[in-house]
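Following the working numbering, the numbering of the sequence shown begins with 430 at its first residue and continues without gaps.
Each hint should be verified, as a subset may be incorrect.
Unchecked claim - Straight-line distance between alpha carbons at most 35 Å, and here's what the computed DSBU-like set of lysine-lysine pairs gives:
#1 Lys483 to Lys454
#2 Lys444 to Lys468
#3 Lys454 to Lys444
#4 Lys483 to Lys468
#5 Lys444 to Lys483
#6 Lys489 to Lys444
What the hints assert, rightly or not - Across the chosen pairs, the derived CB separations fall in these ranges:
#7 Ser498 to Val442: 20 to 30 Å
#8 Gln518 to Ser447: 15 to 25 Å
#9 Asn466 to Glu431: 10 to 20 Å
#10 Gly475 to Phe506: 17 to 27 Å
#11 Tyr501 to Val469: 18 to 28 Å
#12 Gly463 to Tyr501: 15 to 25 Å
#13 Gly503 to Ala482: 18 to 28 Å
#14 Ser493 to Trp452: 13 to 23 Å
#15 Ser493 to Gly463: 29 to 39 Å
I should point out that these hints are in silico values taken from the structure, not numbers from a laboratory.
Cβ atoms here follow ideal geometry from the backbone N, Cα and C, with glycine treated the same way.
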Amino acid sequence: MEIEGTIHRVLPVVKGQSARGEWQKQEVVLEQPGDYNRKVCLSFWGDRVMDAAKLREGDKVTASVNLESREYNGRWFTEVRVWRIQQQQPPVPADAGVPPVDLPPVGMGSFESSSADETDDLPF
C-alpha cells in the first residue's frame, strides 16, 4: 500500500532491548492532503531508521507501507510500518530544457517586409 503526503513531524529514535536482542524504531508523522488534512504515524524499524533520519519537515514523500495489527492483553494495536520511502521531486516547469530565444529589440528586427510592387504567386 502507498501513502502520499507531507512530513509533519520527525520524532526521536527509540531504542530498547528484547528477548531477541536490541531494537530501534523511529516514527514520522505524515500529513495527507485533503479536506481534513489527516495525519498518519509511520514507523521505521531497524535499518529503516536511517531512511527516516534523512527526512525533514515539509518534505513531500510517497511511503510504501504494511498495516499490521497485534493483540496485547485483550486490546488490539495497529501500526503502519514503512518498507520504502521516496521523496517526491518538485514538478518540472513545462518550458524546462528549452533554451531561451534571443529576440531582437522591438523596432530593430531583421525581418524583411515585402514591398507592394513584388508579385505573389499565391492564390490568396
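Evaluation of the provided hints:
{"no.": "1", "hint": "Lys483 to Lys454", "verdict": "holds, 14 Å"}
{"no.": "2", "hint": "Lys444 to Lys468", "verdict": "holds, 24 Å"}
{"no.": "3", "hint": "Lys454 to Lys444", "verdict": "holds, 6 Å"}
{"no.": "4", "hint": "Lys483 to Lys468", "verdict": "holds, 20 Å"}
{"no.": "5", "hint": "Lys444 to Lys483", "verdict": "holds, 18 Å"}
{"no.": "6", "hint": "Lys489 to Lys444", "verdict": "holds, 27 Å"}
{"no.": "7", "hint": "Ser498 to Val442: 20 to 30 Å", "verdict": "holds, 24 Å"}
{"no.": "8", "hint": "Gln518 to Ser447: 15 to 25 Å", "verdict": "violated, 38 Å"}
{"no.": "9", "hint": "Asn466 to Glu431: 10 to 20 Å", "verdict": "holds, 18 Å"}
{"no.": "10", "hint": "Gly475 to Phe506: 17 to 27 Å", "verdict": "holds, 19 Å"}
{"no.": "11", "hint": "Tyr501 to Val469: 18 to 28 Å", "verdict": "holds, 21 Å"}
{"no.": "12", "hint": "Gly463 to Tyr501: 15 to 25 Å", "verdict": "violated, 31 Å"}
{"no.": "13", "hint": "Gly503 to Ala482: 18 to 28 Å", "verdict": "violated, 36 Å"}
{"no.": "14", "hint": "Ser493 to Trp452: 13 to 23 Å", "verdict": "holds, 21 Å"}
{"no.": "15", "hint": "Ser493 to Gly463: 29 to 39 Å", "verdict": "violated, 20 Å"}
Checked against the numbered hints above, the structure breaks hints 8, 12, 13, 15 and satisfies the rest.
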